[in-house]
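Throw the hints in and build the complete structure from the sequences for me.
Protein chains: 2
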Amino acid sequence: MKDTITLTHKLAAFAATSDVQDARMQRFVQLSLFDWATVGIAGTHEPVARAARMMALETAPSSKGATLFGGGRASAAAAALVNGATSHALDYDDTHFGHIGHPSVAVIPAALAAAETAKADAATFLDAVAVGLETACRVGAWLGRSHYEAGFHQTGTSGAFGATAAAARVLGLDAATMSEALCLAATRAAGLKSQFGTMGKPLNAGFAAEVGVTCALLAQAGATSSPDAIEGVQGFGVTHAGSAERAALDQIGTDWQFPRVSYKFHACCHGLHAMLEALRDLRSAGVVPGDVEAVTIRTHPRWLAVCNQPAPATGLQAKFSYRLTAAMMLGGVDTASLEVYSDETCARDDLQALRDRVTVQPDDSLTDSQASVSVVVRGQTLEAHHDILADADPNSLEHRLRAKATTLIGAAAAEDLWNTVSGLGASRSTLDRLAERVGAPAQSAGPRVDPSLAASIMPTA
Amino acid sequence: MKDTITLTHKLAAFAATSDVQDARMQRFVQLSLFDWATVGIAGTHEPVARAARMMALETAPSSKGATLFGGGRASAAAAALVNGATSHALDYDDTHFGHIGHPSVAVIPAALAAAETAKADAATFLDAVAVGLETACRVGAWLGRSHYEAGFHQTGTSGAFGATAAAARVLGLDAATMSEALCLAATRAAGLKSQFGTMGKPLNAGFAAEVGVTCALLAQAGATSSPDAIEGVQGFGVTHAGSAERAALDQIGTDWQFPRVSYKFHACCHGLHAMLEALRDLRSAGVVPGDVEAVTIRTHPRWLAVCNQPAPATGLQAKFSYRLTAAMMLGGVDTASLEVYSDETCARDDLQALRDRVTVQPDDSLTDSQASVSVVVRGQTLEAHHDILADADPNSLEHRLRAKATTLIGAAAAEDLWNTVSGLGASRSTLDRLAERVGAPAQSAGPRVDPSLAASIMPTA
Numbered sequence: 016m017k018d019t020i021t022l023t024h025k026l027a028a029f030a031a032t033s034d035v036q037d038a039r040m041q042r043f044v045q046l047s048l049f050d051w052a053t054v055g056i057a058g059t060h061e062p063v064a065r066a067a068r069m070m071a072l073e074t075a076p077s078s079k080g081a082t083l084f085g086g087g088r089a090s091a092a093a094a095a096l097v098n099g100a101t102s103h104a105l106d107y108d109d110t111h112f113g114h115i116g117h118p119s120v121a122v123i124p125a126a127l128a129a130a131e132t133a134k135a136d137a138a139t140f141l142d143a144v145a146v147g148l149e150t151a152c153r154v155g156a157w158l159g160r161s162h163y164e165a166g167f168h169q170t171g172t173s174g175a176f177g178a179t180a181a182a183a184r185v186l187g188l189d190a191a192t193m194s195e196a197l198c199l200a201a202t203r204a205a206g207l208k209s210q211f212g213t214m215g216k217p218l219n220a221g222f223a224a225e226v227g228v229t230c231a232l233l234a235q236a237g238a239t240s241s242p243d244a245i246e247g248v249q250g251f252g253v254t255h256a257g258s259a260e261r262a263a264l265d266q267i268g269t270d271w272q273f274p275r276v277s278y279k280f281h282a283c284c285h286g287l288h289a290m291l292e293a294l295r296d297l298r299s300a301g302v303v304p305g306d307v308e309a310v311t312i313r314t315h316p317r318w319l320a321v322c323n324q325p326a327p328a329t330g331l332q333a334k335f336s337y338r339l340t341a342a343m344m345l346g347g348v349d350t351a352s353l354e355v356y357s358d359e360t361c362a363r364d365d366l367q368a369l370r371d372r373v374t375v376q377p378d379d380s381l382t383d384s385q386a387s388v389s390v391v392v393r394g395q396t397l398e399a400h401h402d403i404l405a406d407a408d409p410n411s412l413e414h415r416l417r418a419k420a421t422t423l424i425g426a427a428a429a430e431d432l433w434n435t436v437s438g439l440g441a442s443r444s445t446l447d448r449l450a451e452r453v454g455a456p457a458q459s460a461g462p463r464v465d466p467s468l469a470a471s472i473m474p475t476a
Numbered sequence: 016m017k018d019t020i021t022l023t024h025k026l027a028a029f030a031a032t033s034d035v036q037d038a039r040m041q042r043f044v045q046l047s048l049f050d051w052a053t054v055g056i057a058g059t060h061e062p063v064a065r066a067a068r069m070m071a072l073e074t075a076p077s078s079k080g081a082t083l084f085g086g087g088r089a090s091a092a093a094a095a096l097v098n099g100a101t102s103h104a105l106d107y108d109d110t111h112f113g114h115i116g117h118p119s120v121a122v123i124p125a126a127l128a129a130a131e132t133a134k135a136d137a138a139t140f141l142d143a144v145a146v147g148l149e150t151a152c153r154v155g156a157w158l159g160r161s162h163y164e165a166g167f168h169q170t171g172t173s174g175a176f177g178a179t180a181a182a183a184r185v186l187g188l189d190a191a192t193m194s195e196a197l198c199l200a201a202t203r204a205a206g207l208k209s210q211f212g213t214m215g216k217p218l219n220a221g222f223a224a225e226v227g228v229t230c231a232l233l234a235q236a237g238a239t240s241s242p243d244a245i246e247g248v249q250g251f252g253v254t255h256a257g258s259a260e261r262a263a264l265d266q267i268g269t270d271w272q273f274p275r276v277s278y279k280f281h282a283c284c285h286g287l288h289a290m291l292e293a294l295r296d297l298r299s300a301g302v303v304p305g306d307v308e309a310v311t312i313r314t315h316p317r318w319l320a321v322c323n324q325p326a327p328a329t330g331l332q333a334k335f336s337y338r339l340t341a342a343m344m345l346g347g348v349d350t351a352s353l354e355v356y357s358d359e360t361c362a363r364d365d366l367q368a369l370r371d372r373v374t375v376q377p378d379d380s381l382t383d384s385q386a387s388v389s390v391v392v393r394g395q396t397l398e399a400h401h402d403i404l405a406d407a408d409p410n411s412l413e414h415r416l417r418a419k420a421t422t423l424i425g426a427a428a429a430e431d432l433w434n435t436v437s438g439l440g441a442s443r444s445t446l447d448r449l450a451e452r453v454g455a456p457a458q459s460a461g462p463r464v465d466p467s468l469a470a471s472i473m474p475t476a
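Here the protein sequences line up with chains A and B, keeping their order. Residues in the first sequence are numbered consecutively from 16, following the numbering used here. Residues in the second sequence are numbered consecutively from 16, following the numbering used here.
Read the hints as simulated data drawn from the structure, not as lab findings. Any given hint might turn out to be false.
Stated by the list, open to error - 30 Å max Cα-Cα, derived BS3-like pairs, lysine-lysine:
#1 K134(B) x K25(B)
#2 K25(B) x K79(A)
#3 K134(A) x K134(B)
#4 K134(A) x K79(A)
#5 K134(A) x K25(A)
#6 K134(A) x K79(B)
#7 K134(B) x K79(B)
Keep in mind that this is a model prediction, so the values were computed, not measured.
Here it is, written out as structure tokens:
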């Protein structure tokens with residue numbers, strides 16, 4: 016056995032056989048599954064979702080297949096593609112900075128499509144999602160920054176490995192067959208960052224999910240592959256500018272990396288999120304808009320070229336404005352909503368008055384995930400700081416993800432979805448209710464998000 | 016409009032709108048379609064074909080979909096995957112040295128699956144195959160040797176672009192929509208040479224065909240993409256070690272490159288083919304085995320490490336033996352047959368006697384596509400030379416491809432297939448008969464070819 020295939024063996028053994036007993040991991044799987052379904056339901060009417068859905072329903076309909084966001088069923092591979100693209104359409108899903116990408120939108124659609132097709136139970140599905148998400152994060156870290164900088168989109172590439180691990184785990188493949196599936200994925204994993212700003216970005220997530228389902232099903236049917244395909248001399252890593260960080264697999268299965276995931280709570284540029292969180296803390300502490308005399312924002316210098324529109328006039332500009340979104344947060348506007356980023360919001364007198372009291376300063380002592388704010392309230396200065404990479408309390412995240420879901424899909428659907436997802440842990444439960452939630456017609460067409468906007472909101476991955 | 020997207024525009028305009036009036040191109044499309052169907056039918060029982068077919072029939076069956084080799088119908092995407100892998104399973108399909116790969120096994124399955132799904136007529140299908148094959152060759156040349164040497168398998172990568180062009184042409188997409196489809200393919204095109212020697216190699220062809228169908232259908236349904244995705248700053252070319260040979264697109268649509276394709280007429284290592292062709296000429300000129308006193312083979316030195324088994328004992332070794340296959344050719348054995356490479360053939364006294372009169376010499380004045388032979392017959396020396404890249408007469412190729420088909424699938428099936436393919440040019444003909452031929456149960460299970468063998472037979476692409 017060659018040294019070079021240690022990584023593949025480790026991954027395959029982990030994905031096929033590990034127990035998912037870690038309570039924190041289980042909790043984050045629950046949160047991400049809920050958030051994934053929320054943004055997928057909310058994204059159903061986006062143009063990329065419509066295109067993918069039309070393609071699947073016209074060319075791969077299957078009553079025995081898997082459920083699509085918005086309803087209907089297609090072959091497992093087609094459903095994975097549609098649901099991956101749909102859930103990433105708003106670019107509002109979870110992000111993992113170790114993975115350098117969006118893990119859930121590749122992994123969960125693959126796991127669900129495989130589970131519906133194989134009639135797997137909920138416990139199997141949840142374990143599969145867990146190992147898939149962890150695999151995506153580990154492979155993403157192994158490929159590393161060099162892979163991303165070279166032009167590859169980890170959401171698509173390491174996402175394909177995570178999706179394969181998840182689908183193969185659903186199917187119950189043993190470690191040797193899991194290895195075949197992962198090595199088949201090595202010759203299909205793809206995805207370019209040059210698609211950012213187009214429908215190609217969410218499609219990269221869908222394509223990764225499809226790769227996972229197809230490679231797992233092929234391996235189950237007896238297809239085999241090269242054991243060198245991931246880390247051999249001309250394996251996926253070397254041929255795709257991978258940094259080959261060996262430590263990326265350390266303690267896999269015991270030290271779970273996925274729970275470092277970040278959730279998005281504001282439907283605007285990622286560069287604004289740390290500031291919005293800091294201001295949210297002050298607002299929660301009782302700051303009232305009418306009392307605010309001055310606001311100073313300190314942020315990493317790189318963001319000033321990205322999201323510092325001083326006086327936005329359109330909804331699109333609003334999504335890239337420290338000053339206006341600061342005013343929106345202090346003024347009680349729900350920044351999780353897609354609709355509030357509008358020309359009307361930009362024109363509100365009260366928000367403009369607040370906005371004009373905001374000053375933005377570069378501060379290179381901060382990382383690009385951090386922001387510090389100071390607000391002068393009746394002569395008194397209040398300070399707050401936030402780092403969006405800081406570990407968060409899962410109970411607090413649950414509260415906020417449920418509020419986000421209420422904003423995006425309505426209170427009743429959000430409640431129903433939460434009850435469904437949180438009930439999946441029960442013994443012998445099936446996935447029928449989850450599939451029903453995914454397939455329910457979305458309540459309204461909702462606002463259409465221009466794909467160039469959706470991608471530019473979250474420029475980091 | 017940026018300079019950098021000239022290639023994409025050229026390709027899209029060519030693939031969407033070019034007339035295929037070139038008689039030589041039409042003739043080679045006919046020959047390759049026939050050879051593709053022959054080796055696909057012959058490959059139906061190979062393990063990789065069985066695995067892919069089982070996967071498709073179990074997870075994506077579709078009565079309205081497209082036909083699989085061996086029978087049954089699946090979604091267009093799944094059928095393309097299955098038929099691509101099946102037709103490359105024996106590694107006995109056509110090769111193009113400018114493309115650096117196997118064009119037909121990626122392009123034709125995509126065109127056929129799209130055509131069956133869209134109920135396109137035969138004339139549309141033939142035009143689509145032509146532009147798809149040409150696109151694969153042009154993109155393969157544009158990616159160039161550097162791409163191949165870096166570890167990528169043009170059969171999968173440029174194959175995906177060719178398959179997309181073919182499927183999109185079948186669907187009648189205009190040039191702008193064709194461009195979207197090709198740019199979507201840029202974020203999915205994949206395939207590693209590290210799969211050589213495994214089922215991953217034929218699957219690379221199937222994956223490319225599937226990419227073509229899916230990207231064409233997505234573009235038809237309204238999905239859009241980045242116009243920089245192929246040749247932009249971080250487009251497919253740069254990120255995949257492409258050599259960016261701009262001349263690769265010169266005179267596209269007027270000077271057709273595909274007709275430089277090579278066909279395989281011997282079921283053994285590619286390094287033996289030039290010698291076998293030269294000896295075949297002498298045999299045709301009347302050389303009789305009993306008269307042969309000595310045979311000298313001159314070949315490019317690199318082949319001596321590949322296929323110079325001096326006294327093979329097994330069928331596998333026979334496929335890599337200059338001396339034995341020379342004896343087989345002179346002794347009247349049908350080297351196109353899969354079955355003749357057997358332990359029994361190795362043990363035949365008459366062949367061993369001939370074999371022992373053969374001497375193999377390296378000659379670095381020859382290219383690796385050339386061989387020279389001299390045969391001493393009753394004291395007289397006869398010479399012959401062959402270059403497998405030399406242009407061949409299409410009528411002679413037709414004769415030989417029909418003989419190959421007779422060997423592989425039987426005389427009746429070969430005749431029926433030829434009549435079907437050669438009848439496709441007629442006005443208003445449909446693809447029903449071609450689909451029937453593809454879907455007919457293969458006559459016998461045939462010999463099972465070990466995938467490590469199948470790939471090693473043809474080490475060049």
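The hints, checked one at a time:
no.: 1; hint: K134(B) x K25(B); verdict: holds, 28 Å
no.: 2; hint: K25(B) x K79(A); verdict: violated, 42 Å
no.: 3; hint: K134(A) x K134(B); verdict: violated, 34 Å
no.: 4; hint: K134(A) x K79(A); verdict: holds, 10 Å
no.: 5; hint: K134(A) x K25(A); verdict: holds, 28 Å
no.: 6; hint: K134(A) x K79(B); verdict: holds, 25 Å
no.: 7; hint: K134(B) x K79(B); verdict: holds, 10 Å
Going through the hint list in order, the structure does not satisfy hints 2, 3.
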